[in-house]
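Student: For reference, the chains in residue letters:
Number of protein chains: 2
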Amino acid sequence: MAAGKSTVGRLVANRLGRRFVDLDERIEELAEKPIARIFGDDGEPAFRRLEARALQTVSAEQDVVVACGGGTPMFEQNTALMRRTGVVVTLRVSFEDVLARTGADVSTRPLLAAGHKSAERLYADREKVYLSADIVVDTGSLLPEQVAAEVVRRAGQRLGDVAVKLGDRSYPIHVAPLARAGELAGEMLRHPSAIAVVTDENVARAGHARAVRASLDAAGHRTIEIVVPPGEGSKSLAQLGRVADACVAGGLDRRSALVAVGGGVVGDLCGFVAAILYRGVRWAQVPTSLLAMVDSAIGGKTGVDLGAGKNLVGAFWQPRFVLADPATLETLPARERTAAFGEVLKTGLLGDAPLFEELERSGQQVDERDVVLRCARLKGAFVEKDEQETAGAAAGGFDRAFLNLGHTVGHAIEAATGGEKLHGECVALGLVAAARIGKAVGLADLEERVAAAVARCGLEADLRPYLRPDVLAYLDSDKKRAGGKLRFIALEGVGRPTAVELTPDEVRRILR
Amino acid sequence: MAAGKSTVGRLVANRLGRRFVDLDERIEELAEKPIARIFGDDGEPAFRRLEARALQTVSAEQDVVVACGGGTPMFEQNTALMRRTGVVVTLRVSFEDVLARTGADVSTRPLLAAGHKSAERLYADREKVYLSADIVVDTGSLLPEQVAAEVVRRAGQRLGDVAVKLGDRSYPIHVAPLARAGELAGEMLRHPSAIAVVTDENVARAGHARAVRASLDAAGHRTIEIVVPPGEGSKSLAQLGRVADACVAGGLDRRSALVAVGGGVVGDLCGFVAAILYRGVRWAQVPTSLLAMVDSAIGGKTGVDLGAGKNLVGAFWQPRFVLADPATLETLPARERTAAFGEVLKTGLLGDAPLFEELERSGQQVDERDVVLRCARLKGAFVEKDEQETAGAAAGGFDRAFLNLGHTVGHAIEAATGGEKLHGECVALGLVAAARIGKAVGLADLEERVAAAVARCGLEADLRPYLRPDVLAYLDSDKKRAGGKLRFIALEGVGRPTAVELTPDEVRRILR
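Going down the list, the protein sequences come from chains C and E.
Here the first sequence is numbered in the working numbering, starting from 1 and rising by one per residue.
Here the second sequence is numbered in the working numbering, starting from 1 and rising by one per residue.
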């Protein structure tokens, strides 16, 4: 009340180029009378029902800045909706300032009219809820323009270039320089008591971990660095224990955080340590490989390998932010960069036809920042719909398993060739296989287009050398098998995936 | 619609000795007119608002059986409320049966009046939601009495003797014979594809794992058994990997489950494997030690030790049921049984004054089943309020950290004596210390009563041998320390805990 919500809200909307919505005005439109009369004629319960309806309407709109009433967040369903669909900002104002600013017009503030004492109690009750907002700005001595600037700055940190919306586990993906790590850690890791930067020897040698650490240190964070050997071998329980031990020895406690700087192996390992250390601490991903930027750094799947197979133990544990700096890709070996296009092609085929068409035309000659943003956006959307890959066939066509496009045959090739081929290279071949299967089951005839695009990106597109018994035998052990059938992801068209159930034998017959 | 909700609901209420509530009647009372007129006069939105209000009212009542309307669970806030406060049952009926049973009185069924085609669509939409209930009973060829019996049987499995209510993660605690493991696994582990029974050598030798396995096998489950060495040494990343590897080798997949049969070590280890295997599978706890029954088996804290200390990595991962059979305690070594009374005394002091008074009178001569039930109830209540121990001081006096009563000094004694004394023995001494500190800070003078009760239970109550520099030094490293102060749990009276902030030096001065 009287914190300057409308004034600051308008300024924020201007700066962000968004529409401003005053929830009170929406309520008055719905009720066709002023707020004071709704309270007077119909009572507070009627007002609250109108308010909830107005909030639902505005929550469905895009690119808005909403000033809500002081009582709006006091109802759990309202706050849940606000958190799910946006960033929640509290403009904090002391009780004395509220009185000073509103003393003159108690008549238009129905809840204040109830008297000073009960207003003070109301303030105390509400403050607890207000302080749980994503962002709290003390308005005390600041001008509205200054408050708006602070809101814009912090909301930008929370929204990022792509926002993955998962309620309390929402997080931003920033495609920006490593030097922003320090400020993002303050906002998104909530000023942790210490930060362990986890990286591998190659990434450390390239200087990326040092750059991240320098940014964290400059922002006043206490940091330690933990370096693991490069390669899939580090995704082991032994390294998990080593990293966790080093965190404890380095003085991390429950309010500390981890930051993974590296590719998929470092991200999977570091994220799993974060998931289990003290039963869970905050963490962030700073992917430095193209594959990690477009795929593995997004979605919170963490884990390590067992003797019995890859990724057999792990946790869903979302990072608090992802910071992808395309400049780090300059040090990436060419083969790794090329392989990542397997996942980029997959993204296009899965839900971004313009991206796929651009890859058909230009191969790897595409804008990296744009590619990272597009892939992050699509992966984020799938993760939002099905965070823990539990939706399965029941989700009616939009579940995280769709991200396995190209991976059924891809995994078989990867497993049978024993690490000789990179993951993205195998996925590219898997995409060709998926296109062939889609055609065979009467969906779309995309094999030639897919194979041409794969080749245009510099990747192997010829399946023949891999249609060997040892590769095809792996289809029997695929984790995605349910009841003797594979849930195979195929395409009805570019950007239009669907699931078909096939036995491993049927897949083998089609591919041969 | 026409599934027999009211008829069956009344029968279920009779069998359970509960009150029956027909939600439609509540709505009509609120509206002061019949349902059909609410629809006719005010429209469906008005009806839905009344329905949500009626559901909120009835959800706050105890020991009721509620028949709700066919549309009630179609609103997320309604289903969330139902799941949070009770067991949700669907009486399934085919669309043909609905028509046959309701054809004659479309006038009183407003949604059917809209016509056959749209009713069929409505049925299909709703069925998806209905099938996500906790319990689905096919009513097809059953008489109402038979349907009611089935609901009572399955609801009993879900409610148990004590219900821990955590929304989607709610689970029952059954104090019952091991022979019930099989049926509970079917209902609560959702007919898993395979079950790994994890136990230790001592418990295996006593025959408890065999009894559980026999019950599981008899119920048609496919089981394997994994045995670890007894003792804290098994809470290691090495054993974690060994058990996980054995699960994979034994053919467990994502729809499989684990069952821990043993004490705290087996529960913590097995639960952690369940939390991370394939990023999380279902599991159950079958505690066979008194300490596990009254404390560690409840609450979902799982984990293993690192070189750097105990319980440093783990996860909050709730079991799907707890089955505690007091008969297994017959094989428990006397010293272990006695030590468990340290935690039982803690429960009494924390929130069950009659239990504490009984221990003062009778020591260990108490009814075991009753003790297990009382401890489970209190622990469950704390877990419900603060599942992940995140509430901290902000929770206003009811957070999971209160369960640490007696543990600050208890842990120091345990750590300094290097495993020479059992956990419960140390907690008992810690309770005496907590009483002394409570008196010193002006709370309650309970030291003599606590010490007498501890001695009455056969436990050491004399702190003097432990007020040594090596013990007291451990207070500096307590995990619960925040900002240089310990958050020490003390007592305002029996059953009335509170938190006081003290520096380690202040604690040492008081104890000496």
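Hints are computed from structural coordinates only; laboratory data are not their basis.
Don't take each hint at face value.
Put simply, identical chains are the same to the list, so a pair is met inside one copy or across any two.
[Stated by the list, open to error] Derived DSS-like pairs (lysine-lysine); straight-line CA-CA distance at most 30 Å:
1. K128 <-> K485
2. K33 <-> K310
3. K421 <-> K310
4. K165 <-> K117
5. K128 <-> K165
6. K128 <-> K117
7. K421 <-> K439
8. K165 <-> K421
9. K421 <-> K117
Student: Next, verify each hint and record whether it holds.
Tutor: Checked hints:
{"no.": "1", "hint": "K128 <-> K485", "in the structure": "between (52 Å within a copy, 23 Å between copies)"}
{"no.": "2", "hint": "K33 <-> K310", "in the structure": "neither (63 Å within a copy, 63 Å between copies)"}
{"no.": "3", "hint": "K421 <-> K310", "in the structure": "within (16 Å within a copy, 41 Å between copies)"}
{"no.": "4", "hint": "K165 <-> K117", "in the structure": "neither (40 Å within a copy, 37 Å between copies)"}
{"no.": "5", "hint": "K128 <-> K165", "in the structure": "both (24 Å within a copy, 25 Å between copies)"}
{"no.": "6", "hint": "K128 <-> K117", "in the structure": "within (18 Å within a copy, 51 Å between copies)"}
{"no.": "7", "hint": "K421 <-> K439", "in the structure": "within (26 Å within a copy, 70 Å between copies)"}
{"no.": "8", "hint": "K165 <-> K421", "in the structure": "neither (34 Å within a copy, 49 Å between copies)"}
{"no.": "9", "hint": "K421 <-> K117", "in the structure": "neither (72 Å within a copy, 55 Å between copies)"}
Of the hints listed earlier, those the structure fails to meet are numbers 2, 4, 8 and 9, in rising order.
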